[in-house]
Amino acid sequence: MLRYSLKRLASLIVSLAVASLVIFSVVEVAPGDPARFMLGINAQPDTVAALRAELGLDVPKWQRYLDWVGGMATGDFGTSYTYRTPVAQMVADRLWVSLPLALYALMLSTLIAFPAGIFAAARRGRPADAAVMGVTQLGIAIPNFWFAMMLVLIFAIKLRLFGAGGFAGWDKGAWAAMKSLTLPAVALALPQAAILARVMRSALLDVLGEDYMRTARAKGLSRRQALWRHGVRNALIPVLTIIGLQFSFLLAGSIIIEQVFYLPGLGRLVFQAISSRDLIVVESVVMLLVFAVIVVNFLVDLAYAAVDPRLRSRT
Amino acid sequence: MTESLLSISDLSLEIGALPVLKGVSLSVAPGEIVAVTGESGSGKSMTALSVMGLLPERAVTRGAIRLGDRDLLALDEDAMCAIRGRDIGMVFQEPMTALNPVRTIADQVMETILIHRAMARDAARDRAREVLDRVGLPADRFPPSRYPHELSGGQRQRVVIAMAIALRPKLLIADEPTTALDVTTQAQILDLLKGLVADYGMGMLMITHDLAVVADMADRIVVMRRGQVVEAGSTRALLANMRHPYTRMLFEASVHAVDLPDPPPPAPLLQVKGVSRDYRLPRRRLFRDPGHFRAVRNVSFVLNRGERLGLVGESGCGKSTLTRAILGLEPVQEGEILLDGEPVWTGHRPNLAVRRKMQVVFQDPYGSFNPRHRVERLITEPFHLLDDPPKGAARRAAVAEALRAVGLSPEDAGKYIHEFSGGQRQRIAIARALIIRPELILFDEAVSALDVSVRAQILDLLADLCREYDLTYIFISHDLSVVRSVTDRVLVMKAGEIVEEGATEDVFSAPRHPYTRALIAAAPRLPDVGVGER
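Residue numbers (this note's numbering), protein chains in the order written: chain S, 1 to 315; chain H, 1 to 534.
What the hints contain is simulated information worked out from the structure, not anything from laboratory work. Quick caveat: nothing in here was measured; it's all calculated off a predicted structure. There could be a bad hint or two in this list.
As the list claims (entries may be wrong) - Interface residues of chain S toward chain H, partial, derived using beta-carbon atoms under 10 Å: (1) 36; (2) 64; (3) 134; (4) 137; (5) 219; (6) 234.
Stated by the list, open to error - Now the stretches of chain H that chain S is said to cover, found in silico as 3 or more residues with beta-carbon under 8 Å: (7) 75-87; (8) 111-122.
By construction, the Cβ of each residue, glycine as well, lies at the ideal position given by its N, Cα and C atoms.
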């Protein structure tokens, strides 16, 4: 297990190095000079040159790459071209919204999907199974922004249980902050839960057909006992894969939901940064997201090994 | 006669509208081994599952299955759960998949005890160790914390047996318990089962298609066909005097000897010279040579034109690796393989000119065809090896000829593969091999998945084809009796090496190498009684 973890860790570091190189080169080849963009079309060439020097755009590329990576490693993400504030601070503020939101949504989605998937698999082909499958089909089909607007209409405007949008801020207390994240988290979680429930169901149905499930029944386990004791853990591998993918998506892909609920999250930050050629912000946020995805994959790999002993022994 | 432990009377079973069992009656006394035998579809496994109450959901049963004084068919699911594992233990065919891969072996054995709340956890742990020890997995060599993937097939079957006997059930049901195992492992597992029955006084209901195993193990035999019992009796009496023609047919087919024509005078066709095949092992350290596993070691032999050669050995001995090397599917690390004096592998690629002179027939008649293609397309697949494949009428004639040669009709060319039975599919596989008139055919366990009566027909077909086409083939099999009947010469492989080689009859009647002797001794044999006396 230790050797397996170290190997995964080594692969994580290599992936990060490669990703940083790719991101840096892609952003570098993107058209548009930030200095020129910031100063407007009528700027004098020497003003542009001065700004370029100030922003550190005039040194060789490889040195800028090393500075950038070195800075990231020490928490210095550079200074935003447009806002003139440290990128680290901007990203950190947004992360305090996006990360809790993603975790919240993931927790909700898992809490809904596991029971739903197991329930449906245990009743394969019966009305209950058909009902779960129908509801999940609907969950996948409904666009999440529309669903989000319905949530606002019902829970915020009619019932006045939650705010219609905006983020209360963590300084108002955890309760207020979580409350303002609840509707967005539900809006994000339901489509994910629908997918996850279907994956759980089909993984479990595969496992139910395995020989060892019959062996378990021959030992005297009831259908339900066999399902819980031998089925669920064996069905977890594909489910973990999907959970990993979903977390990465939730962290960065929630821009529409952020827009609907007017949340100051990472998605909106990237959107704004791209439209104003704020390359340093784009680079940092993209790198951060890549970092998150790679770390999540690492955790998923560890979870695989925890679930399946065959992976542990294979070094 | 002693009081019977299990008595099935007039059991009928329907799944959907399909009748599966019709009025089956049999009984097992304590300490007795009753073998139920028959070909696929005879209902023997369904009989076992009926006793366990583990039939498919739509199954409807009539009749009675009495265990002691209770009628199992009348019990509800909860009551059956209490009986399964405690009063009846069951061992399955496929040890590789019968265990949960994510739980330790001791854990799975303990579960049988704990689920019935038969003992406290500590006592259950001790009992699990004790039964694992009893089935030949002592804790000092096989720590209870092992996972199933760390054990071989035979060892896994021992774990399954330990689970089944952990609570000393009165009845043990074994459904093809050794079919998936090598002969030497099979002999050990059969010994173990016999020993357990004797020690614990259990009754055992054994389901198997292998008549040699039946004759060796059972006190009584029940022969089934199409859901009905056609004949039953004590082993000795039944073997001495088979009344039902189906029983006689089964036994005759199992010892079926084919009449091979004499091979032509020796002229070398295939030359295998000092061949070794290495596989790279997984790399353990970054900068250290990962090491190799030598699956085939320095193998040399010559196969003459028109000769039928057998290749026998247990799983992992390298016979499949050698087969792939001969077919030119993989390069070899040492030595060379020549067909008609031409190497099968030139430079870094297989030599197509040689490749088209060889064809292969695989074991699985169900998995080796693309289900979406018609038979015509399936059997003409080897044509892509030819520079100038026949077209139009010539192609149709070739298809018709190949189908006719294997005993099918030319009209079958337009059908899909699912319309054929296992034996017919194997005929189609042979037609596919024959269609380009190869110099050499490799039969890789080609009859192992077939019922004995079908197997006998396919073996006869081989003999006919030898007469008609002067076939040269290599017959790879773990089944010694089959190899004995369809080959002129035999190679015995062990751990990548050929340990014995000689004329088939000589090797089987007077084996020289100890491994060959062990193999032949382990293979269960049918006694000569009964067959032929009518």
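For which of the previously enumerated hints does the structure constitute a violation, in increasing order of number? Going through the list in order, the structure violates hints 1, 2, 3 and 4 and respects the others.
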